[in-house]
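> Read off the chains here:
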Amino acid sequence: MTESELDLDVDLEEDFEPEDLEGPSPVATLGDPVLVVDDLNIVYRVFGGKAKQVAGGANVKEGTAPRRSFLRRLVSSTSQHVGAVSEVHAVRGISFVARHGESIGIVGINGSGKSTLLRAITGLIPPHSGGVYVAGDPALLGVNAALMPQLTGEKNIWIGGLALGLTPKQVEERFDDVVEFADIGDFVYLPMKTYSSGMSARLRFAISSAATPDILMIDEALATGDAAFKARSKARIDEVRKNAGTIFLVSHSTSTIEAMCTRVLWVHQGQLVMDGPTGEVLEHYRTFVRAHRQARSSARAGGVGPRARSKQRSKKSD
Amino acid sequence: MTTDTARGAPSGDRGTPGAKDDLLRPPEPIVPDTTSQERLALATQFDLRQMGVRPPLKDYVRDVVSRWPFIRTLGTSTAYAKNQNNYLGQLWAVLNPTLNAIVYILIFGILLGTTRGLENAIAFIVIGTFLFRFVEQSVHAGSRSIAQKTNLIRSMHFPRAVLPTAQVVSLLATLVPALLVMCVIVLLSGLLPAYPMIPIRWSWLLLPAIVALLWIFNTGVAFMVARAVAITPDLDNVIGFIMRLVMYGSGVIFPVTHYVDRLPDAVQGIVGAILEYQPIGVFLYVARSILTQEPEIPQDPWMWLWAALWAIVAFVVGFIVFWRGEERYGRD
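For the protein sequence lines, the chains are A and B, in the order given. Per the working numbering, numbering through the first sequence is continuous, rising by one, with the last residue being 318. Per the working numbering, numbering through the second sequence is continuous, rising by one, with the last residue being 650.
These are calculated hints, taken from the structure and not from any lab test. All values reported here derive from a predicted model rather than from experimental measurement. Hints may be right or wrong, so weigh each one.
Unchecked claim - For each label pair, taking beta carbons as the anchor points, the in silico distance ranges come out as: (1) A/235 with B/418: 39 to 45 Å; (2) A/194 with B/559: 34 to 40 Å; (3) A/167 with B/635: 29 to 35 Å; (4) B/418 with A/175: 37 to 43 Å; (5) A/87 with B/421: 42 to 48 Å.
Stated by the list, open to error - Derived DSS-like pairs: lysine-lysine, alpha-carbon spacing no greater than 27 Å straight-line: (6) B/400 with A/193; (7) A/242 with A/193; (8) A/169 with B/376; (9) A/169 with A/242; (10) A/242 with A/230.
Ideal Cβ positions, reconstructed from N, Cα and C, are used throughout, including at glycine.
All chains, full assembly: derive it from the sequences and hints.
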């Protein structure tokens, strides 16, 4: 995959699926604040890459990224990390207040810090400075919930359910639901590494949606599976959303965001560049992405700063 | 600010950019319409809880305890997963430590004869290697418990102390069948003509007690290394060497205290005391004293006291050390 594809892998209207978007646009009834984000900064340590090399030329290629060689590990252990560690400032000073009843979409090109922001406001990545304040328990719904591939689906449902904070009794009760929703049948008794990628994504989504949180965070969850599964997961999200009160949605598909969100945050290079009603923000965002595509296709010049590229490298472990 | 070089040029009206160049730039970062104080006041007013910060120790302990079903499931599943990729499967949980013990018996017990002066070298080495393996693997598992589960940490909320605890539980799960084999080997070794008979005595019932103390001790140590390696991954490289030093210094495969009198007189006293009362030495002493009838290793209540002391100190200190780093796990 070339870099231009990586940077601008954004669905505009191409993947528009009308059946996803039936019904009127959501209307927010604003309540009390449930989430306050105050000057949030997230800094990753990245081992094995010098900041200078990452930031230096605009055309640093992936292949030249320094590997974490034995020598380098030795060097960094003696010189207390000088030289082999760089820091990536993924989220830089974002502040906003979310209220009960809002559905908030987060948009931005790849590597802009959307997923990091979402994980940070869920409390999964500790902030470097600033703070996140919430009412109740937020939970991340997604297909990224890493489970144990060498174990059976059955074991993974147990581990995932318990990790979400369910009691063993609750896991027992919801077990059949999860299996049925994931539609994996008897495969549930086989190790997850034998699953097709669609099956394992479905199972992970099913597990992560087993609990109903107060604040729901969705990370690209709708991007998985076939049309039938998409419809079912949309129904499940709607159901959870009714109980959840507040949702956050990260998606590359602007049409999904349009259908589900009342407010959109546009994140670029770790900063909040626009925050407002869905229609208004998406209009500007689409213009921006289209202009970028044209610029890319006419001249393959680097429009995205070196920060975004180093971010992609660090995100590979996700 | 770290590596940023690309900054958007100032654009007055972000809504209607005129030139084509302006289209390529996102709007300037917005300035929030509330100040930090106002937002914090809002957070306090509506009684919001701060995320990503370390909870008070009391709440943390309660949270970890309430996750016991999770710890148990994760631990036993990990133990099972470890040995399922080969034909003999779970049998390896027993075969591995046995083969390990045989190697040391052949080299140190028979070839080098370092166990001279002991009545039953096989029992001595088998008990040493089986139990030390538990300690060594706990340290290694603890050191990897955070780094290997970064994805889990970044996907779900739970007190991170669950991870090292579950790792040690998983090792305990594989240790239990191995201990049975260990007891059988010790008994059988008494049937060899060169060694005296080893009868099963009432004191054998104390084995679960010392294993439980060792489990508590290992969990504490796993907490400590888990935090150290999570913050400074380089330490992972050093741990192997430290554990080897500990192995040879604890009398796992030969009575190390026999060699103390070869040292200069000035250091003999202090080195002897360290070797005798350091935790691994204490645990092995107690285990050997209850299983064998070695004249050199009589049962000693004081050693039990030392073992209990080490277990509690390691666990309490380890837990607090780990808890103090709670808000940092998962950022790297």
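> Does each hint hold? Answer for all of them.
Hints, verified against the model:
{"no.": "1", "hint": "A/235 with B/418: 39 to 45 Å", "verdict": "violated, 55 Å"}
{"no.": "2", "hint": "A/194 with B/559: 34 to 40 Å", "verdict": "holds, 39 Å"}
{"no.": "3", "hint": "A/167 with B/635: 29 to 35 Å", "verdict": "holds, 31 Å"}
{"no.": "4", "hint": "B/418 with A/175: 37 to 43 Å", "verdict": "holds, 39 Å"}
{"no.": "5", "hint": "A/87 with B/421: 42 to 48 Å", "verdict": "holds, 46 Å"}
{"no.": "6", "hint": "B/400 with A/193", "verdict": "holds, 14 Å"}
{"no.": "7", "hint": "A/242 with A/193", "verdict": "violated, 34 Å"}
{"no.": "8", "hint": "A/169 with B/376", "verdict": "holds, 26 Å"}
{"no.": "9", "hint": "A/169 with A/242", "verdict": "holds, 24 Å"}
{"no.": "10", "hint": "A/242 with A/230", "verdict": "holds, 18 Å"}
Figure legend: structure checked against the earlier numbered hints; hints not met, in rising order: 1 and 7.
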